[in-house]
Amino acid sequence: MEHHGESQGHHKSYLEGGGIGSWLTTLDHKRIGVMYLAATMLFFAVGGIFALLVRLELLKSGPLFSPDVYNKFFTFHGAIMVFMFIIPIIPAALGNFFLPIMIGAKDVAFPRLNLASYYVFIGGALLAFLAIFFGGVDTGWTFYTPYSIRSATSVILVTMGVFVMGFSSIMTGLNFIVTIHKLRAPGMTFHRMPLFLWAIYATAIIQVLATPVIGITTLLLVMERVLGIGFFDPKLGGDPILFQHFFWFYSHPAVYIMILPGMGIVSEVITVFSRKHIFGYKAIAYSSLAIAFISFLVWGHHMFVSGQSAWANFLFSILTMLVAIPTAIKIFNWTATLYKGSIHLQTPMLYALSFIFLFTIGGLTGLFLAALSVDVSLHDTYFVVAHFHYVMMGGTVMGLLAGLHYWWPKMFGRMYPEIWGKISWAFVFLGFNVTFLPQFWLGKMGMPRRYHDYGPEFATWNMVSSVGSWLIGVGFLMMFIYFLWSLKRGEKASSNPWNGKTLEWQLSSPPTTHNFDHVPTITEGPYQYGVLR
Amino acid sequence: MLPQASTIAPHIDSLYNFIFWISLISFVGVVAAMVYFIIRYHRSRWDPFKTPYITGHSAMETSVSVGLFILVMVIFAWGWKDYKKIVSPPQNSLEISVLGHQWFWEFEYANGKKLTNELVVPKGRPVKLIMSSADVIHSFFVPNFRLKQDLVPGTYTTLWFQATQTGEHPVFCAEYCGTGHSKMLAKVKVVEPTEYARWEKEEKKEKGLNPAEVGKELFTKKGCNVCHTVTGQALIGPSLLGIFGKNEELADGKKIQVDENYLRESLMQPQAKLVKGFPPVMPTFQGTLTDEEVNAVIAYIKSLK
Amino acid sequence: MTQHVVAEHFESAEQAFEASKLGLWLFLVTEILLFGGLFVLYIVFRGLYPELFHEASHHLNRTLGALNTVVLICSSFTMALAVSRVQHNDSKKAAGLLLFTFLCGLTFMIVKYCEYTHKIHEGLLPGVHFSFTEMAHPKAPLFFSLYFMMTGLHGLHVLVGMGLIAWVLIRTRRGDFSSQYFTPVELTGIYWHLVDLIWIYLFPLLYLIG
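Protein chains in written order, with my numbering: chain A, 1 to 533; chain B, 1001 to 1305; chain C, 2001 to 2210.
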């Protein structure tokens, strides 16, 4: 039934109206997305400060902080970045905002669950942060037993925090799967969905299937410390390697929870800023699902030197190699999309291209670590640190920044300043390579990770790496400033500044509370650029 | 470049180099295509409303997949071939047991000889380490050998190697194990087989030294210096400079004067009387140090003024 | 009788129902994976120490375990009947059946409480707290860690289920549900069946298979 005399709310921007209270109790997926964005970016800043402190310690050989303080720094850096920033940010902030819009829906399937997931997330994060005031935690973000059972620090608070945040992740994933299955607008078939949504869908599947396992793992670790149940404690007859299996059964798929949404954003941005149809839509879409599937079968590659059987290593190595294929397909297709496009080099595109550049390095260095014999020499060295930063930061964070600049005008109705966008990009991109490229070399030279101090043979490249971290810091500082500045002072954005073809660009910038006045009917795919059809 | 000091090292390096070149070629390929497209099809040269409608090319996608599949399987098979060598110690290996502690390494030879943070092995003979940990997980890592294996409390893991270069090769702990993780260092001293045979037979030869000098050697050999300085700076444990005769406040608030008995007790039952402000992490040296050695260490500590 | 209003972002009541149902099934998948972790531990430790499981199962009270199994199966049956009654606009009978289901849940928890107190009294406790002297097997504490973790987590689910049943019971009596709208009853029912199902695995694995 059509209502013509719609209430005023339908034509007001979602940003307008209501005080802080109406934000905190909102059921609007867009507002929840924005609240997630604010929280996760704040956590990102905190995690970044810890990263700078870690690099400060490693600037020169010899102690600056005590080893215990340093160990807490890198633990907080890892735990904050993984559980509070990189896992939630793209799905829960950008996904929340754009998923319903991109399928032509008014909201996610369960708005109340959505809000609940936000508060559960904040609650879990606060619980984990509480540990800072109770002696910190020094186990590394991986919480390996038996160290985490013996450690005198606040392991319980942090693991409980991770447990609680896991619930939030499950709620988000569940909500997204149902929304995609049940709330697509008429004509929005799966094969007409934007690739970002395919990526979010694949991510949501992993969130739902893998997160419960970290839930039970952290719960058991807490019980291990409270009740001494002994499953993972060799002194009580348990097996510490079992903990690693449990932990990586979640945490490896979680790597894909982190990277897939970034890949989704890159698919959007590359095609829009080339003004050309994406190359190989189905291959990109299904490769996301393939990656999600394989992600459950490769956890053991984190444990090649843990003492697990050689045949387990055989299996995990061969399966890990398979990940290369869907990943390479994506890189190939993104590059091919540029061919005969009309390349617009604005900030979102610069980040998307940086993604391809850096993620290719991240992916290829994964081959070294997947090859059994080479991994024996490189495991747990700085080579691994460099590798996963190229994937997580060079991949996911670049994807995130591409998406944030791409959708900023839509979310807040204001343009970010393009020139500052480019300057800050240059700092982040160069700083990133200066920081992490030397770490491959350090790892090859044999420098183990999580080292508070090192010998003279590692001095030069560590100094270079630390200087690089300051460049990244400057780049992000600029970005934080200009984003906040643009909220009030930025140039007003038109409804479609990039000539995008997906549904969000048909709405005003920022969108109205109910997204669509009339449910749209979809008749074609999302990337209908070009004349020579 | 790191020396290739074991028989397996050149094999691992060959595969490393193979992957490196394959990766470099792929990376340069992707980036060159990307940069070329960006310049050639920049919007200043290519009308945004006249881009061609290209939706994909299955044959190209398939050939990329198949080509890559073959390549990664080659890498896998190569890695597996060498890995099998890494995990298959020869029958005639010299067996040495290794025990990891927070934060030092203890090596015990078949004849009962014990070394701390130094592993002496003959060149050209396979050596098999049978390893376990006394507390948390550690990882025995010798970059010059390209080898690494975790030490897991409650089970035994093994690692074998055959050294090809004499000299000292650094050992790192590669699995995070707490405060002293980055100081959990050791060295593998590779000697000529004849020298090894001589070394194996020789008894303690601290004859020419006085007890304090013997104690000083033990102090670094047994890894005491990881946690205790002799310069007055507190690390994980209190500095030992001038500690003898001093009044120390204990964790329970009591005071104690540091004398020979207290030092001995601290070596045997380190947790019995902790100095205030330090964590209860020191391992016991019961059974590791002989009575004479304990006396030597105490003599050394007394000499630190 | 209050009329249920379909949330604005749904096209129809049917779409809303379908969405809720899919959501619940996904939630059940996460529940199975949560318990899955414990079942994997069970398989691992049982594989390592089969004789331990044989010996330890004798120290569990099979009669009480069997009683609880019967109680839960009955409750699942009455739950299913309650859902069917609501769908047929028979709120009155449905309320009675829900009450019975709730009481079954309560019985289960009381029996569980008796079992636990007995175990605690005997010192058959998890991990470091284990102080029972008549079991020779050195890994005996591990079995009781498993026992308490598995039945404890399950018991927690029974409590949550009872809370949900109480909630739909109150709403049923208030007349919130009809053949037009019965989503909460149906979803609570499916959840309760899962709780029941998990017990049906736990009982033989812990108590019976020697």
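You may find that some hints are simply not true.
Here are the in silico distance ranges between beta carbons for each label pair [to be verified]: (1) C:Q2180 x B:D1047: 54 to 60 Å; (2) A:R112 x C:Q2087: 41 to 47 Å; (3) B:T1007 x A:W311: 20 to 26 Å.
Simulated crosslink set (EDC-like; lysine to aspartate or glutamate; CA at most 16 Å straight-line) [said to hold, decoys possible]: (4) B:K1183 x A:D517; (5) A:K492 x C:E2014; (6) A:K340 x B:E1200; (7) C:K2093 x C:E2011; (8) A:K182 x C:D2176; (9) B:K1183 x A:D453; (10) A:K182 x C:E2018; (11) A:K182 x C:E2008.
Bear in mind the hints are in silico, worked out from the structure with no lab data behind them.
The beta-carbon is built from N, C-alpha and C at its ideal position, and this holds for glycine as well.
Results for each hint:
1. C:Q2180 x B:D1047: 54 to 60 Å: holds (57 Å)
2. A:R112 x C:Q2087: 41 to 47 Å: violated (25 Å)
3. B:T1007 x A:W311: 20 to 26 Å: Check passed, 24 Å falls within 20 to 26 Å.
4. B:K1183 x A:D517: Given that 16 Å is the threshold and the Cα spacing comes to 65 Å, the pair is violated.
5. A:K492 x C:E2014: violated (41 Å)
6. A:K340 x B:E1200: Violated: K340 (chain A) and E1200 (chain B) sit about 73 Å apart, past 16 Å.
7. C:K2093 x C:E2011: violated (32 Å)
8. A:K182 x C:D2176: violated (25 Å)
9. B:K1183 x A:D453: holds (8 Å)
10. A:K182 x C:E2018: Status holds; Cα separation ~8 Å.
11. A:K182 x C:E2008: holds (14 Å)
Checked against the numbered hints given earlier, the structure breaks hints 2, 4, 5, 6, 7 and 8 and satisfies all the rest.
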